[in-house]
Amino acid sequence: MSIMSARRAHLTALGLLALMPLPGLAQKPDLEMLRAVIQVSDNDPHKWNLALNNARNVQNDLGAEATELEIVVYGPGIGMLKADSPVAKRVADALGKGIKLVACENTMKAQRLTYGDMLPNIGYVSAGVVELMKKQREGWAYIRP
Amino acid sequence: MSIMSARRAHLTALGLLALMPLPGLAQKPDLEMLRAVIQVSDNDPHKWNLALNNARNVQNDLGAEATELEIVVYGPGIGMLKADSPVAKRVADALGKGIKLVACENTMKAQRLTYGDMLPNIGYVSAGVVELMKKQREGWAYIRP
Amino acid sequence: MSIMSARRAHLTALGLLALMPLPGLAQKPDLEMLRAVIQVSDNDPHKWNLALNNARNVQNDLGAEATELEIVVYGPGIGMLKADSPVAKRVADALGKGIKLVACENTMKAQRLTYGDMLPNIGYVSAGVVELMKKQREGWAYIRP
Chain A
1 MSIMSARRAH LTALGLLALM PLPGLAQKPD LEMLRAVIQV SDNDPHKWNL
51 ALNNARNVQN DLGAEATELE IVVYGPGIGM LKADSPVAKR VADALGKGIK
101 LVACENTMKA QRLTYGDMLP NIGYVSAGVV ELMKKQREGW AYIRP
Chain B
1 MSIMSARRAH LTALGLLALM PLPGLAQKPD LEMLRAVIQV SDNDPHKWNL
51 ALNNARNVQN DLGAEATELE IVVYGPGIGM LKADSPVAKR VADALGKGIK
101 LVACENTMKA QRLTYGDMLP NIGYVSAGVV ELMKKQREGW AYIRP
Chain C
1 MSIMSARRAH LTALGLLALM PLPGLAQKPD LEMLRAVIQV SDNDPHKWNL
51 ALNNARNVQN DLGAEATELE IVVYGPGIGM LKADSPVAKR VADALGKGIK
101 LVACENTMKA QRLTYGDMLP NIGYVSAGVV ELMKKQREGW AYIRP
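Chains as they are written, first to last, in this note's numbering: chain A, 1 to 145; chain B, 1 to 145; chain C, 1 to 145.
In case anyone wonders, no lab produced these hints; they're calculated from the structure. The C-beta atom is built at its ideal place from N, Cα and C for all residues, glycine as well. There is no bait here: all hints are sound.
From the structure, some residues in chain B lie toward chain C, with a derived Cβ separation under 10 Å:
#1 R35
#2 A55
#3 D61
#4 T67
#5 Q136
#6 W140
Take the sequences, apply the hints, and build the full model.
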């Protein structure tokens, strides 16, 4: 049984308590939404393209509105989000389609990269690996292309 | 605390509601069953053998009846399940032992592969990466050899 | 909604049942603890260093007391924990900081390694891949550097 169907079972069972506000339950309880964090940590443009392919295929299969995707870029993979990235054009396309791309600030610090060195419109997290852990705890799937 | 033990805790706490049917609860509530999706997305027969080793080792350690395993093959890994696969014999053995192997139809389309080009008795999913997300949401572990 | 916040929601909703002991709930219910299993299965010292970097970065970002980390070493990665490992010094440092490192006994058997061939103070599991599955079922995140 999935977490989500377990949740539903509990909500059913708790029918008489239904008027209580449930902390953490969004107003539109998108129970069917599928979410994934996609890890990019290799210094390998082939992998960067695979990560972008995976994200695109999820949107094509499920519809962009039924899914939430975040590509977490860290360690040796950081070049994917640098201003001179060979996949800059595809990153911009992905951002335009609602896919989040985030760079690890720990990695940037270690490589003396500033925000100005990075592609526009991306997001930032303090530690890529911690972001992957947090998202998994929130029920997101993990994909490592 | 695991999802499963959380579930058990709730069932205990909800003891007086126990007569209500719980949607999604199987008749044999195999709470101890361990399930994993195993990702194969590299064009690398060495990785294909590792994936099959991992599945075999899980069955050896837990017993085939106490586990459910699905190897999801997509992207550059698709050759693992083509009729001329170098691991064809091992794939047949794994299928015979109850391990599921599924090929990604998106990948097949992109590579102009038909069902006739593939090994017998495998399964199919429309998008390998979506299958990995769905299974994780249902509580399956994710393994990337 | 995360598993943890779902739990909290249920605990809130079940307020009137709060005096019942909840099986599986630890005495200090460290709901905010972040846990991860980190897989090492490549015969590649570069990956071994990445795994150790990931663990260190998690501790740096969250504080060692707010996280639990276990590096699971198996298959072609087993050399990371052999007595002659090129990362022996870093493994000792990580152990000293409360990071667990465990070797797969299946792999050791296949490679005719005894406990005496391994680094001191590490842990052992019968099957690395099963350990990764068990930990994920208990809510640990999965990281494959």
